[in-house]
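Peer 1: Protein chains in written order, with our numbering: chain A, 1 to 151; chain B, 1 to 151.
You may find that some hints are simply not true.
[What the hints assert, rightly or not] Distance condition first, Cα-Cα at most 25 Å in a straight line; then the derived PhoX-like pairs of lysine-lysine:
1) A:Lys103 <-> B:Lys6
2) B:Lys24 <-> B:Lys105
3) B:Lys3 <-> A:Lys111
4) A:Lys106 <-> B:Lys147
5) B:Lys103 <-> B:Lys22
6) A:Lys105 <-> A:Lys24
7) B:Lys24 <-> A:Lys147
8) A:Lys6 <-> B:Lys103
9) A:Lys6 <-> B:Lys105
10) A:Lys111 <-> B:Lys6
11) A:Lys111 <-> A:Lys22
12) B:Lys147 <-> A:Lys105
13) B:Lys6 <-> A:Lys22
14) B:Lys3 <-> A:Lys22
15) A:Lys3 <-> B:Lys147
16) A:Lys111 <-> A:Lys24
17) B:Lys111 <-> A:Lys3
18) A:Lys6 <-> B:Lys106
19) A:Lys147 <-> B:Lys103
20) B:Lys22 <-> A:Lys3
21) A:Lys103 <-> A:Lys6
22) B:Lys111 <-> B:Lys24
23) B:Lys3 <-> A:Lys106
24) B:Lys111 <-> B:Lys22
25) A:Lys103 <-> A:Lys3
26) A:Lys6 <-> B:Lys147
27) A:Lys147 <-> B:Lys105
28) B:Lys6 <-> B:Lys106
29) B:Lys106 <-> A:Lys3
[Unchecked claim] Derived coverage of chain A by chain B (criterion: at least 3 residues anywhere in the stretch with Cβ under 8 Å from a Cβ of chain B; other residues may be distant):
30) 15–23
31) 43–49
32) 63–74
33) 79–91
34) 97–110
35) 119–128
[Stated by the list, open to error] Okay, the calculated beta carbon distance ranges per label pair:
36) B:Pro43 <-> A:Pro43: 42 to 48 Å
37) B:His80 <-> A:Lys6: 34 to 40 Å
38) B:Val149 <-> A:Ile75: 45 to 51 Å
39) B:His79 <-> A:Leu71: 18 to 24 Å
40) A:Glu23 <-> B:Pro43: 31 to 37 Å
Since the hints were made in silico from the structure, they are not lab data.
Everything numeric in this text was worked out from a predicted model, so none of it was measured.
For each residue, glycine too, the CB sits at the ideal point set by N, CA and C.
This is what each chain is made of:
There are 2 protein chains.
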Amino acid sequence: MNKENKIVFSPVGVIHTPFDGKEKIPRQGCFGENNDGWIEIFPEFAEGLNGLESFSHIYLLFHFHQSQGYLLTQITPRHHQIKGVFAIRSPRRPNGIGMTIVKLKKIDSNKIYFSGADMIDGTPLLDIKPYTTEIDNYPDADNGWLKTVAK
Amino acid sequence: MNKENKIVFSPVGVIHTPFDGKEKIPRQGCFGENNDGWIEIFPEFAEGLNGLESFSHIYLLFHFHQSQGYLLTQITPRHHQIKGVFAIRSPRRPNGIGMTIVKLKKIDSNKIYFSGADMIDGTPLLDIKPYTTEIDNYPDADNGWLKTVAK
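The shape of chain A in the complex, shown without the other chains (with noise of 0.2 Å):
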């Protein structure tokens, strides 16, 4: 295997926000207020939600389609720090994948209603998997660099 592997994905639906331009977005969703949004999932899979209603948290995995390129290091917006980029959770990321932990509202047929929007809006949706405090709750992370710097 190498980097000329080629992985084909689908998106399984549409994300809507109110963010229109990603100079808009929040830094995190988690962070911000008046940034509900809701999720189109496209019908022939909305079969596969059975069960999610029943969760607070989900993890919306998502492309980042506007996002042109990647840069190995960069520096962070809020600390100017250089960091690597698996290290940071921007965007111009060699695959470009999102991933926010997003408040769930309500599900109705194929439409996700939540909280917590961080990205553009029209963006596409990969993949939505529950949120458990079984395995995804670490209270005791260390937090890395960012301990280093103000909030």
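On the provided structure of chain A, position chain B as indicated by the hints.
Peer 2: Structure of chain B alone, referenced to chain A:
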């Protein structure tokens, strides 16, 4: 946009684990033992690891490359419940993206050593993101249908 759109990714590395067959993989890495793994980041991406060593936990996003096709609803192996694919972590997903939080042990040049592997040996790595308690830690999250079943 629709499900005909193609999104093409390529591996940035390979994940090496003790599990050379699907039947040997533990249910979730964080519950297991003897599950140390290591990642070979392809050298051209190694610079992107700068700063990652300061975190204790990291997200690995990878390709379920040995998973064939998907089922929108599946019977969960432990609980024998019928659930939608987006409400479970099954590898048989419309887009075969796996996501596991692992514990970082050491980074040595383009090699990452970790514990908590739950993927098959030779798995293509798509992305790494740092885990931070700021945005990834929801101790009060509702575990949904998992609450109603024995561990």
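Peer 1: Each hint should be assessed against the structure and marked as holding or not.
Peer 2: A quick look at each hint next to the structure:
Between the alpha carbons of Lys103 (chain A) and Lys6 (chain B) the distance comes to roughly 28 Å, so the proposed pair goes past 25 Å and is violated. For the given pair, Lys24 (chain B) sits about 23 Å from Lys105 (chain B) by alpha-carbon distance, which is consistent with the 25 Å threshold. A C-alpha spacing of about 16 Å is found between Lys3 (chain B) and Lys111 (chain A), which places the hinted pair at or below 25 Å, so the restraint holds. Between the alpha carbons of Lys106 (chain A) and Lys147 (chain B) the distance comes to roughly 19 Å, so the proposed pair stays at or under 25 Å and holds.
Distance hint between Lys103 (chain B) and Lys22 (chain B) is fulfilled; the C-alpha atoms sit about 22 Å from each other, no more than 25 Å. Annotation: proposed proximity of Lys105 (chain A) to Lys24 (chain A) holds, straight-line Cα distance about 23 Å (limit 25 Å). Between Lys24 (chain B) and Lys147 (chain A), the direct Cα distance comes to roughly 38 Å. Violation of the 25 Å bound is thereby established for this hinted pair. A hinted pair counts as satisfied when its Cα atoms are at most 25 Å apart, and Lys6 (chain A) with Lys103 (chain B) does not qualify at roughly 28 Å.
A C-alpha spacing of about 30 Å is found between Lys6 (chain A) and Lys105 (chain B), which places the hinted pair above 25 Å, so the restraint is violated. Proposed proximity of Lys111 (chain A) and Lys6 (chain B) is supported: the alpha carbons are some 22 Å apart, at most 25 Å. With a C-alpha separation of about 24 Å, the suggested pairing of Lys111 (chain A) with Lys22 (chain A) holds against the 25 Å cut-off. Between Lys147 (chain B) and Lys105 (chain A), the direct Cα distance comes to roughly 19 Å. Compliance with the 25 Å bound is thereby established for this hinted pair.
The hinted pair formed by Lys6 (chain B) and Lys22 (chain A) meets the criterion: a straight-line CA distance of about 22 Å does not exceed 25 Å. Between the alpha carbons of Lys3 (chain B) and Lys22 (chain A) the distance comes to roughly 24 Å, so the proposed pair stays at or under 25 Å and holds. Pair hint Lys3 (chain A) plus Lys147 (chain B) does not hold up; C-alpha atoms about 41 Å apart against a cutoff of 25 Å. For the hint pairing Lys111 (chain A) with Lys24 (chain A), the CA-to-CA distance comes to about 24 Å; that is within 25 Å, so the pair holds.
A C-alpha spacing of about 16 Å is found between Lys111 (chain B) and Lys3 (chain A), which places the hinted pair at or below 25 Å, so the restraint holds. Distance hint between Lys6 (chain A) and Lys106 (chain B) is unfulfilled; the C-alpha atoms sit about 29 Å from each other, more than 25 Å. Pair hint Lys147 (chain A) plus Lys103 (chain B) holds up; C-alpha atoms about 18 Å apart against a cutoff of 25 Å. At most 25 Å may separate the alpha-carbon atoms for a hinted pair to count; Lys22 (chain B) and Lys3 (chain A) meet this at roughly 24 Å.
Simply put, Lys103 (chain A) and Lys6 (chain A) have alpha-carbon atoms about 33 Å apart, too far for the 25 Å limit, and the pair is violated. With a C-alpha separation of about 24 Å, the suggested pairing of Lys111 (chain B) with Lys24 (chain B) holds against the 25 Å cut-off. Annotation: proposed proximity of Lys3 (chain B) to Lys106 (chain A) holds, straight-line Cα distance about 23 Å (limit 25 Å). For the suggested pair Lys111 (chain B) and Lys22 (chain B), the alpha carbons sit about 24 Å apart, so the restraint of at most 25 Å is met.
Straight-line distance between C-alpha atoms of Lys103 (chain A) and Lys3 (chain A) comes to about 35 Å, which puts the hinted pair past the 25 Å bound. Between Lys6 (chain A) and Lys147 (chain B), the direct Cα distance comes to roughly 39 Å. Violation of the 25 Å bound is thereby established for this hinted pair. Pair hint Lys147 (chain A) plus Lys105 (chain B) holds up; C-alpha atoms about 19 Å apart against a cutoff of 25 Å. Of the pairs offered as hints, the one joining Lys6 (chain B) and Lys106 (chain B) is violated, with about 36 Å between alpha carbons and a cut-off of 25 Å exceeded.
About 23 Å separates the Cα atoms of Lys106 (chain B) and Lys3 (chain A), which keeps this hinted pair within 25 Å; it holds. Restraint check on the stretch 15–23 of chain A versus chain B: 0 residues with Cβ-Cβ distances below 8 Å, three needed, restraint violated. Under the rule that three or more residues need a Cβ within less than 8 Å of chain B, the assignment of the stretch 43–49 of chain A holds, with 5 such residues. Using a Cβ-Cβ cut-off of 8 Å, 4 residues of the stretch 63–74 of chain A lie near chain B, which meets the minimum of three, so the contact claim holds.
Coverage of the stretch 79–91 of chain A by chain B holds [criterion: at least 3 residues with CB-CB distance below 8 Å; count 9]. Counting residues of the stretch 97–110 of chain A whose beta carbon lies closer than 8 Å to any beta carbon of chain B gives 3, which meets the minimum of three for the stated coverage. Only residues whose beta carbon comes within less than 8 Å of a beta carbon in chain B count, and the stretch 119–128 of chain A has 5; three or more means the coverage holds. Look at Pro43 (chain B) against Pro43 (chain A): about 44 Å separates their beta carbons, and that is inside 42 to 48 Å.
At roughly 37 Å, the beta carbons of His80 (chain B) and Lys6 (chain A) sit within the given window of 34 to 40 Å. For Val149 (chain B) paired with Ile75 (chain A), a C-beta distance near 47 Å keeps the hint of 45 to 51 Å intact. Our hint of 18 to 24 Å for His79 (chain B) and Leu71 (chain A) is violated, since their Cβ atoms are close to 44 Å apart. Remark: the range hint 31 to 37 Å for Glu23 (chain A) to Pro43 (chain B) is upheld by a beta-carbon distance near 35 Å.
Against the hints set out earlier in the document, violations occur for numbers 1, 7, 8, 9, 15, 18, 21, 25, 26, 28, 30 and 39.
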